[in-house]
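Knowing the structure of chain A, use the given hints to seat chain B on it.
Listed here are the chains, written in short residue letters.
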Amino acid sequence: KQEVTQIPAALSVPEGENLVLNCSFTDSAIYNLQWFRQDPGKGLTSLLLIQSSQREQTSGRLNASLDKSSGRSTLYIAASQPGDSATYLCAVRGNTPLVFGKGTRLSVIA
Amino acid sequence: GAVVSQHPSWVICKSGTSVKIECRSLDFQATTMFWYRQFPKQSLMLMATSNEGSKATYEQGVEKDKFLINHASLTLSTLTVTSAHPEDSSFYICSAKGAGETQYFGPGTRLLVL
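If you read the protein sequences in the order shown, they are chains A and B. To convert, take the position in the first sequence, counting from 1, and add 2; that gives the working numbering. To convert, take the position in the second sequence, counting from 1, and add 33; that gives the working numbering.
Just chain A, with the same shape it has in the complex (with noise of 0.2 Å):
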């Protein structure tokens, strides 16, 4: 059964630092991995989607990587702003629906 992990839960980081926010999963036969954003209460919006054979997508300020191999990926911020405080989710496709992370909750302080 896939388990996705995200490291870490929550990141407190000044205005105008570069982050990464890291994303683990157990079964490496996936078909895509995709970042989402969750602001509170709200629904998601899809941030990048990175298919099993490419090795990264960039979307602006942000950069994810993955290495299916290893079942890792990581979503890079640059240059980050008080909008960007968000919960970020990873979510990995294989044989199922998309099995979700528990998020890191960001905080961007200004």
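If you are wondering where the hints come from, they were derived from the structure by calculation, not from laboratory data. Among the clues, some could well be false.
[Stated by the list, open to error] Sample of chain B residues lacking proximity to chain A, with all beta carbon distances greater than 10 Å (derived):
| hint | residue |
| --- | --- |
| 1 | Phe61 |
| 2 | Glu85 |
| 3 | Asp121 |
[Claimed, not checked] Covered stretches of chain A, going by a simulated chain B footprint (3 or more residues, C-beta under 8 Å):
| hint | stretch |
| --- | --- |
| 4 | 32 to 46 |
| 5 | 95 to 105 |
Where a beta carbon is used, it is the ideal one built from N, C-alpha and C, also for glycine.
Then chain B, alone, in the frame of chain A:
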């Protein structure tokens, strides 16, 4: 882009009553819909998968007689929480998938059972 809506966005009900939540794909045909539940500070947990016109497949530990799922058309799935109790209070999020592999998520429905 693909849009999924949910209605209502939030609902408060008395214990013992039933609540229906709708999930619609607005601009694509959803052959498969998924229902997730999220408790505070927890991740999304898959409850069930439904394909249009067939019975839903429930995850282990999810009571199919309590959480009734109907996927009667390619754009609509409903989740009915029957005889709701306070422990059913949660954030329910649906997701829809068309011909491709991408799952598109609705904005969620917050249920509070008093």
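Results of checking the hints against the structure:
1. Phe61: holds (15 Å)
2. Glu85: Answer for Glu85(B): holds, closest chain A Cβ roughly 16 Å.
3. Asp121: holds (18 Å)
4. 32 to 46: Result for this restraint: holds, n = 7.
5. 95 to 105: Three-residue rule met by the stretch 95 to 105 of chain A, so holds; n is 9.
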